[in-house]
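Residue numbers (this note's numbering), protein chains in the order written: chain A, 125 to 504; chain B, 94 to 365; chain C, 366 to 626; chain D, 9 to 222.
I should point out that these hints are in silico values taken from the structure, not numbers from a laboratory.
Any given hint might turn out to be false.
[To be verified] Computed footprint of chain C on chain B; a stretch qualifies when at least three of its residues, placed anywhere within it, have a C-beta under 8 Å from a C-beta of chain C:
id : segment
1  : 145-151
2  : 162-172
3  : 193-202
4  : 347-355
[As the list claims (entries may be wrong)] One side only, chain B facing chain C, incomplete, derived with CB under 8 Å:
id : residue
5  : L126
6  : M128
7  : A158
8  : A159
9  : P189
10 : Y242
11 : W243
12 : Y358
13 : L359
Don't be surprised by glycine CBs; every beta carbon is placed ideally from N, CA and C.
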Amino acid sequence: MIELLRSLTILVLVSFRPAPATNVRAYDTPNDAGGSVIIKWDLSKDDSIVTKYEIIRITGSPDGERVTAGFVLRGTNSYRDVDLKDGEKYYYMVRTWADGEYSDSGITSKPAIPRPQWFHTKRVVALIILIVFGFLFFYYLKLAREGAPLWIRKIAGLEAIDEAVGRSVEMGRPILYILGLGFISDIPTIAGLAILKRVARKAAEYEADIIVPNYDPIVMVAAQETVKEGYMEAGRPDLFNESNIMFLTQDQFGYAAGVDGIMVREKPGAIFLQGLFYAESLILAETGHSIGAIQISGTTSVTQLPFFIAATDYTLIGEEMYAASAYLTRDPLALSTLKAEDIMKVLFIALMTVGTILETVALITGNSGFHFLKNFFSMF
Amino acid sequence: MKYIEKLAKIDRRIIYLILFLTVLLPYLFKISLPMKPLPEVVQAYREIDRLPAGSVVMISIDYDAASMPEVQPMLYAILRHCFSKDLKIIMLGHWPLGIPLGIAALEDVAKEYGKKYGEDYVFLGYRPGVAAVMINMGKEIRSVFREDYWGTPLDSLPMMRNVHTYDDIAILVGFEAGSTGDYWVQYAQARYNQKIILGGTAVVAPDWYPYLQSRQIVGLIGGLRGAADYENLVHHKALAYYGMTPQAAVHILIVIFIILGNIGYLALRRRK
Amino acid sequence: MKREVPIAITFISGVLLVIAFFIPHEPFGSLEQRFNDWYIIVSGFALILGIDSLLLHHWNKVSRRSKDWFHSLSLIIAFFVTLIWGFYSGIKTGHFLSAQSTFRQYFYMYVFVPLQATMFSLLAFFIASAAYRAFRADRFEAALLLFSAGIVMLGRVPLGNAVAPYMVGLVFLIFAYLLYSDGRKEVDPTRRYLKIGGAVLSLILIYPVGWFFLHYTAQTAGWIMNIPQLAAKRGIFVGIALGGIAMSLRIILGIEKTYLR
Amino acid sequence: MAQVFWTWVAAFLTLAIFSFLYKDNPFYKFAEHIYVGSSAAFWFVYLWYFDIKPKLIDGWRYNTGFEKYILIIPAVLSIFMLMRFIRPLAWLSRWAIAFTVGMAAGLGITAALQGYLVPQIQATFLPLWVSKGSFWHSLGISINNFVLVLGTIVTIFYFYFSKEHKGTLGALSRAGIVFIMVAFGASFGYTVMARISLLIGRVYFLIHDWLHIV
Numbered sequence: 125m126i127e128l129l130r131s132l133t134i135l136v137l138v139s140f141r142p143a144p145a146t147n148v149r150a151y152d153t154p155n156d157a158g159g160s161v162i163i164k165w166d167l168s169k170d171d172s173i174v175t176k177y178e179i180i181r182i183t184g185s186p187d188g189e190r191v192t193a194g195f196v197l198r199g200t201n202s203y204r205d206v207d208l209k210d211g212e213k214y215y216y217m218v219r220t221w222a223d224g225e226y227s228d229s230g231i232t233s234k235p236a237i238p239r240p241q242w243f244h245t246k247r248v249v250a251l252i253i254l255i256v257f258g259f260l261f262f263y264y265l266k267l268a269r270e271g272a273p274l275w276i277r278k279i280a281g282l283e284a285i286d287e288a289v290g291r292s293v294e295m296g297r298p299i300l301y302i303l304g305l306g307f308i309s310d311i312p313t314i315a316g317l318a319i320l321k322r323v324a325r326k327a328a329e330y331e332a333d334i335i336v337p338n339y340d341p342i343v344m345v346a347a348q349e350t351v352k353e354g355y356m357e358a359g360r361p362d363l364f365n366e367s368n369i370m371f372l373t374q375d376q377f378g379y380a381a382g383v384d385g386i387m388v389r390e391k392p393g394a395i396f397l398q399g400l401f402y403a404e405s406l407i408l409a410e411t412g413h414s415i416g417a418i419q420i421s422g423t424t425s426v427t428q429l430p431f432f433i434a435a436t437d438y439t440l441i442g443e444e445m446y447a448a449s450a451y452l453t454r455d456p457l458a459l460s461t462l463k464a465e466d467i468m469k470v471l472f473i474a475l476m477t478v479g480t481i482l483e484t485v486a487l488i489t490g491n492s493g494f495h496f497l498k499n500f501f502s503m504f
Numbered sequence: 094m095k096y097i098e099k100l101a102k103i104d105r106r107i108i109y110l111i112l113f114l115t116v117l118l119p120y121l122f123k124i125s126l127p128m129k130p131l132p133e134v135v136q137a138y139r140e141i142d143r144l145p146a147g148s149v150v151m152i153s154i155d156y157d158a159a160s161m162p163e164v165q166p167m168l169y170a171i172l173r174h175c176f177s178k179d180l181k182i183i184m185l186g187h188w189p190l191g192i193p194l195g196i197a198a199l200e201d202v203a204k205e206y207g208k209k210y211g212e213d214y215v216f217l218g219y220r221p222g223v224a225a226v227m228i229n230m231g232k233e234i235r236s237v238f239r240e241d242y243w244g245t246p247l248d249s250l251p252m253m254r255n256v257h258t259y260d261d262i263a264i265l266v267g268f269e270a271g272s273t274g275d276y277w278v279q280y281a282q283a284r285y286n287q288k289i290i291l292g293g294t295a296v297v298a299p300d301w302y303p304y305l306q307s308r309q310i311v312g313l314i315g316g317l318r319g320a321a322d323y324e325n326l327v328h329h330k331a332l333a334y335y336g337m338t339p340q341a342a343v344h345i346l347i348v349i350f351i352i353l354g355n356i357g358y359l360a361l362r363r364r365k
Numbered sequence: 366m367k368r369e370v371p372i373a374i375t376f377i378s379g380v381l382l383v384i385a386f387f388i389p390h391e392p393f394g395s396l397e398q399r400f401n402d403w404y405i406i407v408s409g410f411a412l413i414l415g416i417d418s419l420l421l422h423h424w425n426k427v428s429r430r431s432k433d434w435f436h437s438l439s440l441i442i443a444f445f446v447t448l449i450w451g452f453y454s455g456i457k458t459g460h461f462l463s464a465q466s467t468f469r470q471y472f473y474m475y476v477f478v479p480l481q482a483t484m485f486s487l488l489a490f491f492i493a494s495a496a497y498r499a500f501r502a503d504r505f506e507a508a509l510l511l512f513s514a515g516i517v518m519l520g521r522v523p524l525g526n527a528v529a530p531y532m533v534g535l536v537f538l539i540f541a542y543l544l545y546s547d548g549r550k551e552v553d554p555t556r557r558y559l560k561i562g563g564a565v566l567s568l569i570l571i572y573p574v575g576w577f578f579l580h581y582t583a584q585t586a587g588w589i590m591n592i593p594q595l596a597a598k599r600g601i602f603v604g605i606a607l608g609g610i611a612m613s614l615r616i617i618l619g620i621e622k623t624y625l626r
Numbered sequence: 009m010a011q012v013f014w015t016w017v018a019a020f021l022t023l024a025i026f027s028f029l030y031k032d033n034p035f036y037k038f039a040e041h042i043y044v045g046s047s048a049a050f051w052f053v054y055l056w057y058f059d060i061k062p063k064l065i066d067g068w069r070y071n072t073g074f075e076k077y078i079l080i081i082p083a084v085l086s087i088f089m090l091m092r093f094i095r096p097l098a099w100l101s102r103w104a105i106a107f108t109v110g111m112a113a114g115l116g117i118t119a120a121l122q123g124y125l126v127p128q129i130q131a132t133f134l135p136l137w138v139s140k141g142s143f144w145h146s147l148g149i150s151i152n153n154f155v156l157v158l159g160t161i162v163t164i165f166y167f168y169f170s171k172e173h174k175g176t177l178g179a180l181s182r183a184g185i186v187f188i189m190v191a192f193g194a195s196f197g198y199t200v201m202a203r204i205s206l207l208i209g210r211v212y213f214l215i216h217d218w219l220h221i222v
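Make a model of the complete structure from these sequences and hints.
This is the structure:
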């Protein structure tokens, strides 16, 4: 009986036309490269029995040919029409379907004209941050050029570099420098190269060998140049041996297998793991520990930092690694940029505090106007 | 006293050996923990179980060898379930290096159940462009895959004759190790209302619970635990099911090692 | 020329990408994608340099008959067998991973995947030995590391709840012991009694805390992952982002040019 | 038959890699060298089929006009890269490197802004008092939000470089360390499960596919 009633209700509902979708609006998609329009509408009152909405496009004038632009399912009230011509006028209608029946209000939207934009308005917050940072950056650069004193706190992992190289030399063992799985297009790899230069110079001073196995061939080339430069600075270009900076393979675990092999056979006294690392980080660090080497690691991969902290003697955590080149060279220009970073940090902390207070106020007063800062920061 | 101090310096090889045995022995002796299948896995099982024979299930291979131990058992379990219910299978993938893994499993299980290629299962393979593939299949599968993986035109395969769009596919099962699953939900579900079940590694699966709540997916199989539950449900206990015991045992073992190490370390420190 | 041109190239390509980020209009809108494609092409060719380095390194070992030269020879043979097989299968069947490709059927499934998976699985052993060795409660920070690792580890498996109280109890016991032995050496009487009192308190707390973890280990693990873990990650991310921007600016402006010398 | 032979090959390689856990030995050395050599070739073939061929060769063949001729730029950069083989022209390779590094720097800035900085800061804009459900529930959420904001801020202070970590800054950065250590411990513990699964997979291969015990 209930079954019968149900099917009857459905039958009745279906044989009626669903209420049409109303208030159809179309406008150019903001912040895009052109060629697309966004269509929005108010859902049909019978949305719960609607099967789909059909979006109909009319090009040129409201009484032109009607073409189906696409379908969306019930509950959806917007559609993005793509592959359109910039500058052309487009009109839209939304047809509401319930099984075989449909209805539409017969009214088309006002015309929309797709255009490309010259500025991404959603990214204005990023631009502001960049401008403020840029201003601070150049301000402190100028101060540094004028000779203002710059101070940097002690970073244990970087202090230990000379000690590690020295100890390795005392034991008569080579130094192993691992740049990880980063490509040259990864900033941590470039930070790793900056530290490599210092290590190479120290190694040259002590006449120690330095081995650099590589995952990426372009990084290998850059590492060869970097080590050569380090040896030149130490005044020992004669000791430079390019074949010690070699390529292994572009396979994550193949690289780990190869580096492990080098570790157990060459028995380096000091191992540096500086760059971008993934799951192989612990394979390398544990093998390095098992041969008794002193290990200094550093990476910006947050998921791998715990393993480095556990398995190596010193670890440069995230930003500390980027600070390394300034720290090691004490180059005033580079140090000045650290000062700019620090000011930014204070600004961000202030911003977070303000944002948190605003959100709290918004929730207590129930005034959504206080969400403005949070809304301002939503970008994509 | 000396023995206690030794606890601080257990040779790593001894740790390795004990760990290896902890993984191996539960398999050899088929020791298993009593486990109640997770509701989201049961839901996935029921969705497939109630499909009428002859329905088409589409399976997507979006992982590669690195996530094989977690995801491959799910694939086997689902394939067994589908073939035992006489469902038809279309397999494809978005990770080129996972394709060989998918095909190996499909051929294995098909042989087990005596299924015929082209009539009971089809392998489409890989086409570049994740979102484009998903969207275009909503219009016509042939617009993306004119031929199957072996180069046979789809129309000459009996089971594909009436399969054109998502409307002809009862359920889509995505096996994931990255963000491809989100694309499936975004394109196949949101645009074409395709029923979706997702299975994936323990790392990616937790992100899908919101989909489950909003009914955008009708089942979720996460990590080795999810695979174990599914194996349990289809009564074919294998890698994952018996793997749960070593899984728990090793976690506890590592904690025990940490504690032993600390006791030894403390003893050493006291003497100093 | 040899030095200035590269710096100019770096400057131009870097600045262009930053500008393109704010301009959806073509040609900027698709610039990032285009540069990425170019990069992939260049790095593909660069692989020839890498392979030259690898083969030369091992060929030298073979020709000098230095230690392990036999293994170096097998590396070279493995390289060429794989290369020829891969391209042979690729040409014969249209793609090296295609259905009929014997390269896929045999090399990929029975050599490449097992090697990769086994090397990856070594992590299970290393994670155990690293935890055993490194998680020593010698300092407060180390104790925190140990504690949160243990809770999360146990919170993720069945039976974890049953074991967690013992672990937590032991940590408290250790803590009490440390406080007591420190307190005994303390000269100042108030500090001494504070520390010894703390030791007694830790002993008393073992029971309620143990009870708590008997019931709530999984929830605590979830809380640690979702709250303090996330907070620290965010802080680290902010640092990395700022450091990354500064490093990038230094590169674009030519202050940082290690790679070019 | 082929199946059986290749399963034995796979089992041999698996055991050879495992033998490294005991110590370095000829079996591991052999497997390692095979792995490095064959994987270098594998990725070379892969790059050809998935990158160079579709992006450069097919791009040149099927595109017309601007899209076609713009490909000359990466082709020239690639040739410059290979100039390292010719000593007197080796300096040209720096041009190609300069391009990739410039790209890294540009992307480094935009990715940091879009991927980390703005979303992470926005996510910390949390209300410190939430009323949702019962009082205790609200208090719980509020405390969590507070800990989240506080933890983020003190962790940032740990990375403050240009001042000595003494006094207030010292206390804040020490609090930062506390959060960092808890986070690292948790992250370590969280990963264990996935790694054990990998080992389970290999052990299962050995006893099931190879030895057929289970």
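Now for the hints, and whether the structure bears them out:
1. Residues of the segment 145-151 of chain B with a Cβ under 8 Å from some Cβ of chain C number 0, which does not satisfy the need for three, so the listed coverage is violated.
2. Using a Cβ-Cβ cut-off of 8 Å, 1 residues of the segment 162-172 of chain B lie near chain C, which falls short of the minimum of three, so the contact claim is violated.
3. Three residues within the 8 Å Cβ limit are the bar, and the segment 193-202 of chain B against chain C gives 4, so the coverage statement holds.
4. Counting residues of the segment 347-355 of chain B whose CB lies closer than 8 Å to any CB of chain C gives 8, so the stated coverage by that chain holds, three being the minimum.
5. The interface hint given for L126 of chain B holds, since its Cβ lies 6 Å from the closest Cβ of chain C, which is under the 8 Å cut-off.
6. This hint holds: M128 of chain B has a C-beta 7 Å from the nearest C-beta of chain C, less than the 8 Å allowed.
7. Interface hint status for A158 of chain B: upheld, as the beta-carbon distance to the closest one in chain C is roughly 5 Å, under 8 Å.
8. Annotation: A159 of chain B was flagged as interfacial toward chain C, and the flag holds, the nearest CB pair being 6 Å apart, inside 8 Å.
9. This hint holds: P189 of chain B has a C-beta 6 Å from the nearest C-beta of chain C, less than the 8 Å allowed.
10. At about 5 Å, the closest approach between the beta carbon of Y242 of chain B and any beta carbon in chain C falls short of 8 Å, and the interface hint on this residue holds.
11. Restraint check, W243 of chain B versus chain C: the minimum CB separation of about 5 Å is within 8 Å; hint holds.
12. With a least beta-carbon distance of about 5 Å to chain C, the hint placing Y358 of chain B at the interface is held under the 8 Å criterion.
13. With a least beta-carbon distance of about 6 Å to chain C, the hint placing L359 of chain B at the interface is held under the 8 Å criterion.
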